[in-house]
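Novice: Mind the numbering: the sequence shown is residues 0 to 305 in numbering that gives the first Met the number 0, read in order.
Read the hints as simulated data drawn from the structure, not as lab findings.
A few of these clues could be false.
[Claimed, not checked] Derived lysine to aspartate or glutamate pairs resembling DMTMM-like cross-links, with alpha carbons at most 25 angstroms apart:
(1) 278 x 268
(2) 141 x 69
(3) 271 x 298
(4) 131 x 70
[Unchecked claim] Derived DEER-like restraints, expressed as beta-carbon distance ranges:
(5) 232 x 283: 27 to 35 angstroms
(6) 174 x 248: 51 to 59 angstroms
(7) 21 x 216: 34 to 42 angstroms
(8) 284 x 233: 23 to 31 angstroms
(9) 251 x 209: 52 to 60 angstroms
(10) 74 x 30: 33 to 41 angstroms
(11) 284 x 244: 38 to 46 angstroms
(12) 216 x 26: 31 to 39 angstroms
(13) 242 x 18: 41 to 49 angstroms
(14) 30 x 189: 40 to 48 angstroms
(15) 149 x 29: 40 to 48 angstroms
(16) 232 x 284: 52 to 60 angstroms
(17) 30 x 263: 51 to 59 angstroms
C-beta: ideal position from N, C-alpha, C; glycine also.
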Amino acid sequence: MYTQIKLGSFKEFIKNHKKVYFLSGFISLLICALLVGYNWKISCTNLYATGEEITFLLENKEGNPYQNSEDIRKIFLLQLNDDPTVSKEIKEELNKNLTVTRDASNFFIVTVDNYLNKENTFVKDKLLSYLKQGEISFFKDKTIIDLSENTKEIFAPTQEAQILSIKKIVIYLIGGFILFVILGTILATILSRKNTVINDDFSFLVNDQIVNISHFSKLDKQACIENTLMNIAIPTIIITQLHNLKLINDNHNIVITDDLGHAFLPPFEAHKILLICEKGETTKEWYQLQMELSKIYSDDIDIILI
């Protein structure tokens, strides 16, 4: 058989745990607000990155400085794109990541940035290699003067819009709703179970004859309970729904059952009732039912909490 979860049942579950879902909604709203705030902060933050730079003066054979920076840039782009040792990923970004400018002294400034640091360095080293080894025919009849390199810090303000896009708003709303439902259901389930099983709630276990051995972690509870049952000398009904212990009954003075609503064959006249509850497993509803049914058999009722 398959368990079917009906929408009406889920609505009833939410209705019964309104406070928990309200808390879940508040937490979800807070998380979404933090994410929106973080997104806004990132969008307004100016970023600093490092780039690689080459500078040199280029003179023609007459000794006059060459001045067209765009020509130099196109030559470098062509050489890098034809170089099989340069990866496809680097080539795809070359057009925007490689710039060539000229200062007032006619020095060309070649800048490589926006890659990872190691990729910036790789491209710079390639350009230096071309210039030093004369691999580019354009430079063969020209003189390269004061070729130098350095790493520089580049101010790169982010281009992301400060206003949230509709797509991001929808993502935040859907994510917040999913978080609200999941978090609320988990919390409600945990609290619901906590409120339906017996823990250390002695205000709920109203009987005075309560023996609590649940805190003795090193105690062999199996042996303790079995020995206790063996020592019972008067007719006693043992009521328990133990999940973690299995009881062996070798005492003719006791009868073990998981529900007093069941028939005893043969009939058994009890002088005492012993109710064994398992912490975190025995439900309060089952406990209350057994306590009521116990009144039919005896007023002498003891409870062991393990």
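Novice: For the pair residue 30 and residue 189, does the Cβ-Cβ distance stay inside 40 to 48 angstroms?
Specialist: Given a distance of about 19 angstroms, which is not inside 40 to 48 angstroms, the answer is violated.
Novice: Look at the Cβ atoms of residue 149 and residue 29 and judge whether their distance stays inside 40 to 48 angstroms.
Specialist: holds, 47 angstroms
Novice: Is the hinted pair residue 141 and residue 69 satisfied, with a Cα-Cα distance of at most 25 angstroms?
Specialist: holds, 17 angstroms
Novice: Given the hint of 52 to 60 angstroms, check if residue 232 and residue 284 actually sit that far apart at their C-beta atoms.
Specialist: violated, 32 angstroms
Novice: Given the hinted pair residue 278 and residue 268, is their Cα-Cα distance within 25 angstroms?
Specialist: violated, 29 angstroms
Novice: Is it true that residue 174 and residue 248 lie within 51 to 59 angstroms of each other by Cβ?
Specialist: Taking Cβ atoms as reference, residue 174 and residue 248 lie about 56 angstroms apart, which means the hint holds.
Novice: Range first: 41 to 49 angstroms. Now tell me if the beta carbons of residue 242 and residue 18 are that far apart.
Specialist: For residue 242 and residue 18 the Cβ distance comes to about 30 angstroms; the hint is violated.
Novice: Are residue 284 and residue 233 spaced within 23 to 31 angstroms by their CB atoms?
Specialist: 29 angstroms Cβ-Cβ, so the 23 to 31 angstroms window holds.
Novice: May I ask you to test the hint 38 to 46 angstroms on the CB atoms belonging to residue 284 and residue 244?
Specialist: violated, 21 angstroms
Novice: Are residue 131 and residue 70 close enough, with their CA atoms no more than 25 angstroms apart?
Specialist: OK: residue 131 and residue 70 at ~19 angstroms, within 25 angstroms.
Novice: Please work out if residue 271 and residue 298 have their alpha carbons no farther apart than 25 angstroms.
Specialist: Holds: residue 271 and residue 298 sit about 7 angstroms apart, inside 25 angstroms.
Novice: Quick one: are residue 232 and residue 283 within 27 to 35 angstroms, going by C-beta?
Specialist: At 31 angstroms between Cβs, range holds.
In summary, the structure is inconsistent with hints 1, 9, 10, 11, 13, 14 and 16 from the numbered list given earlier, while agreeing with the others.
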